[in-house]
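Participant: Those sequence lines, one after another, are chains E and S. Okay, so the first sequence: first residue is 1 according to the UniProt record's numbering, each after it adds one. Okay, so the second sequence: first residue is 1 according to the UniProt record's numbering, each after it adds one.
Rather than coming from a laboratory, the hints here were simulated on the basis of the structure. Where hints are given, some of them may not hold.
Label pairs and their in silico Cβ distance ranges [said to hold, decoys possible]:
1) Thr91(S) <-> Arg269(E): 25 to 35 Å
2) Ala76(S) <-> Met398(E): 14 to 24 Å
3) Met398(E) <-> Gln132(S): 40 to 50 Å
4) Asn92(S) <-> Leu223(E): 34 to 44 Å
5) Tyr139(S) <-> Gly200(E): 51 to 61 Å
6) Asp156(S) <-> Asp135(E): 39 to 49 Å
7) Glu72(S) <-> Thr402(E): 28 to 38 Å
8) His129(E) <-> Gln132(S): 51 to 61 Å
9) Asp135(E) <-> Ala160(S): 27 to 37 Å
10) Ala160(S) <-> Thr133(E): 24 to 34 Å
11) Ser360(E) <-> Tyr139(S): 40 to 50 Å
12) Ser68(S) <-> Glu272(E): 48 to 58 Å
13) Phe54(E) <-> Pro162(S): 51 to 61 Å
14) Thr91(S) <-> Asp145(E): 45 to 55 Å
Selected chain S positions facing chain E (Cβ under 10 Å, derived; list incomplete) [what the hints assert, rightly or not]:
15) Leu66
16) Asp158
17) Val161
18) Asp169
19) Lys171
Mimicking DSSO-like on lysine-lysine, the simulated pairs with C-alpha atoms at most 30 Å apart in a straight line are [stated by the list, open to error]:
20) Lys171(S) <-> Lys374(E)
21) Lys374(E) <-> Lys157(S)
22) Lys120(S) <-> Lys46(S)
23) Lys43(S) <-> Lys60(S)
24) Lys190(S) <-> Lys45(S)
25) Lys60(S) <-> Lys89(S)
26) Lys89(S) <-> Lys187(S)
27) Lys400(E) <-> Lys187(S)
28) Lys374(E) <-> Lys400(E)
29) Lys120(S) <-> Lys157(S)
30) Lys46(S) <-> Lys157(S)
31) Lys394(E) <-> Lys89(S)
Glycine is no exception: its CB is placed at the ideal position from the N, C-alpha and C atoms.
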Amino acid sequence: MDAGSVNSSPSSSSSTSRYLKSQSRFPLQEQFLQRKKPRENLDRFIPNRSAMDFDYAHYMLTEGRKGKEIPPASSPSREAYRKHLAETFNMNRTRILAFKDKPPASVELFPPHFFSSAPQDKSAKPRRHIPQTSDRTLDAPDIVDDYYLNLLDWGSNNVLAIALGNTVYLWDGSNGSTSELVTIDDEDGPVTSVNWAPDGQHIAIGLNNSEVQLWDSTANRQLRTLRGGHRLRVGSLAWNNHILTTGGMDGLIINNDVRVRSHIVETYRGHEQEVCGLKWSPSGQQLASGGNDNRLFIWDGSMASSNAATQWLHRLEEHTSAVKALAWCPFQSNLLASGGGGDDRSIKFWNTHTGACLNSVDTGSQVCALLWNKNERELLSSHGFSQNQLTLWKYPSMVKMTELTGHTSRVLFMAQSPDGCTVATAAADETLKFWNVFGAPQAARPAPKANPEPFSHITRIR
Amino acid sequence: MASKTVAKDIITLRGSAAIVSEFFGMLFILYNRGVYPEESFVKVKKYGLPMLLTQDEGVKSFIANLNSQLSEWLEAGQLQRIVLVIMSKATNEVLERWNFTIETDSEVVEKGVSREKSDKEIMREIQAIMRQIASSITYLPCLDEACVFDVLAYTDKDVAVPFTWIESDPKLIANPQMVKLHSFDTKIHKIDTLVSYKNDEWDEQ
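Here chain E stands alone, though its shape is the one from the complex (with noise of 0.2 Å):
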């Protein structure tokens, strides 16, 4: 701890340890370790200046503040606790693995949701070619460098939407056509996120001005607006069926049943700071949010709002930096991938049933986004400084299988074709690129159907 190193240093030689202890050094030293230690916390106000250590003061007053930023990881006495908790539930030292096979009605039946479609086919799995230069560039003049911000995505009936400066663009995956859906007010701008609701057709744009706008994008035809829920801009949207789920630089998680008049149906609160990271679950139970306060919370979307005392299911704080890159894996139920910002670095993953952490790995880099390939066990991460660079891994053994460098600046959003092969990155450096990184469009999806799973035939043993 820093104590023992304070105490050895050779100024502080044993005949005046004693002074230096009631005094200068350990009330500086207080702040930092949150009082752990109370019975050297003396008298710190009778001002002593032969033993006080100005080098030692004017260090923690400037380079110590890096302590100050993580208090929650730096505590030793809460290090401990979680450590115990973690302990007594079983939670680190083992894997709680369930069967797959959850036995429904019939014998022969087989259920839609049952991932079959992942391919394990073991014995002929030729290595993919994984191009190394992205297959088109386009320009993305105007994109806001902030790393809070979602300004793409990709909807499912392959338009993708881009947010340049204080406007819209859509650009249509079928035949490259683009065309721009609105350009807001220069009061009301930018915008901040852009969100393809799950039929493809609708789309969610929030805005500087704490407002979001709703959008038929084959009409062309804005169809209302919800405002009254943030105070600040609106920097991530999730779509869960017909809630909107908005999160705002005010901390808040709104979600909002676009059908109805008085669209707020439930507000979330427990992010201090701008929610920049928002996920809904495959199966719409759980939420993820990350924001710039550091935290990762998981919000169980059915608990509702009926215990007003936690609303969430998991507070997560293991991160160290603003979290922003969340994605659910499409083939493990309650596994979360989340990435941090740049005093951070790391993608670590989560069982979101228990909150327990499965796995961390230090990138080198701020990880900006994260996706999930949907026909392979593989994770695309794009980071920034020094190489914004995107990196494959391979999950879970996390082995890094290639890195993929064109962006001049950090690849700031990540979008992938509804079809799960093409990916699309936008960067600060102002191009918009498609990668072929998940595998050729027309190789991986036969071969997910004609192989299935050893015995997924089997979903039940009566």
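With chain E fixed as given, assemble chain S onto it according to the hints.
Facilitator: Positioned in the frame of chain E, the structure of chain S alone reads:
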């Protein structure tokens, strides 16, 4: 399978794993507790007892797949616990939890030494457990609704999740009754059996 690998009184890791996984593979509890329909079983002699084995091809291949995974974990010493959970089909409420705690002799896994224990002795211990389980019907509450089951495996944290398994919560029973049953020991794997079940409200006045 077990008799092939277990020669005389020497027991190897592989043999022990085979015995243990075969023991789990019986899934006897599900028959005893009425989760399976009775007509899909035939009687065979096993562990010196008349045991009921399923004839359903689907269930058989399910057990084979389960067994191969369990053996793999057992041989690597990574399996800490196996839990069979019986749940209400309608509400998903956990009604019974059969808990098999596995202690692995780490020396055997690491150094590959073998231990001495006769096949016969192990079989006798398993037999005792089987008898106990069969008689447990007398005190376990009746399962009068349609039930489904789930297999949970507690493994070491560094184990990669196989394709057919997913992360789960422990599916605990709130305020359960617990009964400890016999254990058996191959000298390499020690299996403790514990059944916990839902408190019957009417009896708890």
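Participant: If a hint holds in the structure, say so; if it does not, say that too.
Facilitator: Now for the hints, and whether the structure bears them out:
A C-beta distance of roughly 31 Å is found between Thr91(S) and Arg269(E), which places it inside the suggested range of 25 to 35 Å. Look at Ala76(S) against Met398(E): about 20 Å separates their beta carbons, and that is inside 14 to 24 Å. Checked against the given bound of 40 to 50 Å, the beta carbons of Met398(E) and Gln132(S), roughly 44 Å apart, stay inside it. For the pair Asn92(S) and Leu223(E), the supplied restraint of 34 to 44 Å holds, since their beta-carbon distance comes to about 38 Å.
At roughly 57 Å, the beta-carbon separation of Tyr139(S) and Gly200(E) lies within the given 51 to 61 Å, and the hint holds. Look at Asp156(S) against Asp135(E): about 42 Å separates their beta carbons, and that is inside 39 to 49 Å. Under the hint 28 to 38 Å, the C-beta atoms of Glu72(S) and Thr402(E), about 30 Å apart, fit the expected range. For His129(E) paired with Gln132(S), a C-beta distance near 58 Å keeps the hint of 51 to 61 Å intact.
The hinted window of 27 to 37 Å between Asp135(E) and Ala160(S) holds, with their beta carbons roughly 32 Å apart. As the Cβ distance of Ala160(S) to Thr133(E) is approximately 32 Å, the hint placing it in 24 to 34 Å holds. In this structure the hint that Ser360(E) and Tyr139(S) lie 40 to 50 Å apart at CB holds, the actual value being about 46 Å. One distance hint, 48 to 58 Å for the beta-carbon pair Ser68(S) and Glu272(E), holds here, with the actual separation near 50 Å.
Distance hint check for Phe54(E) and Pro162(S): the Cβ-Cβ separation is about 60 Å, which falls inside the suggested range of 51 to 61 Å. In this structure the hint that Thr91(S) and Asp145(E) lie 45 to 55 Å apart at CB holds, the actual value being about 51 Å. Taken as an interface hint, Leu66(S) checks out: its beta carbon lies about 7 Å from the nearest beta carbon of chain E, inside 10 Å. The beta carbon of Asp158(S) is positioned within 10 Å of a beta carbon in chain E (closest approach about 9 Å), and the interface hint is therefore held.
Taking 10 Å as the C-beta contact cut-off toward chain E, the hint placing Val161(S) at the interface holds, the least distance being around 6 Å. Against a cut-off of 10 Å between C-beta atoms, the interface hint on Asp169(S) holds, since the closest Cβ of chain E lies about 4 Å away. At a threshold of 10 Å, the smallest CB-CB gap from Lys171(S) to chain E is about 8 Å, leaving the interface hint in force. Distance restraint check for Lys171(S) and Lys374(E): the Cα-Cα separation of roughly 29 Å lies within the 30 Å cut-off, and the hinted pair is therefore satisfied.
Restraint check: the Cα-Cα separation between Lys374(E) and Lys157(S) comes to about 25 Å, which is no more than 30 Å; the hinted pair holds. A C-alpha spacing of about 12 Å is found between Lys120(S) and Lys46(S), which places the hinted pair at or below 30 Å, so the restraint holds. Simply put, Lys43(S) and Lys60(S) have alpha-carbon atoms about 15 Å apart, close enough for the 30 Å limit, and the pair holds. Of the pairs offered as hints, the one joining Lys190(S) and Lys45(S) holds, with about 24 Å between alpha carbons and a cut-off of 30 Å not exceeded.
For a cut-off of 30 Å, the pair hint linking Lys60(S) to Lys89(S) stands: about 22 Å separates their Cα positions. At most 30 Å may separate the alpha-carbon atoms for a hinted pair to count; Lys89(S) and Lys187(S) exceed this at roughly 38 Å. Under the criterion of a C-alpha separation no larger than 30 Å, the hint pairing Lys400(E) with Lys187(S) is inconsistent with the structure, at around 41 Å. Between Lys374(E) and Lys400(E), the direct Cα distance comes to roughly 18 Å. Compliance with the 30 Å bound is thereby established for this hinted pair.
Distance hint between Lys120(S) and Lys157(S) is unfulfilled; the C-alpha atoms sit about 35 Å from each other, more than 30 Å. Proximity of Lys46(S) to Lys157(S) is assessed by CA-CA distance (about 35 Å); at most 30 Å being required, the pair is judged violated. Among the hinted pairs, Lys394(E) with Lys89(S) is inconsistent with the structure: their alpha-carbon atoms are about 36 Å apart, more than 30 Å.
Hints 26, 27, 29, 30 and 31 from the earlier list are contradicted by this structure; the remaining hints agree with it.
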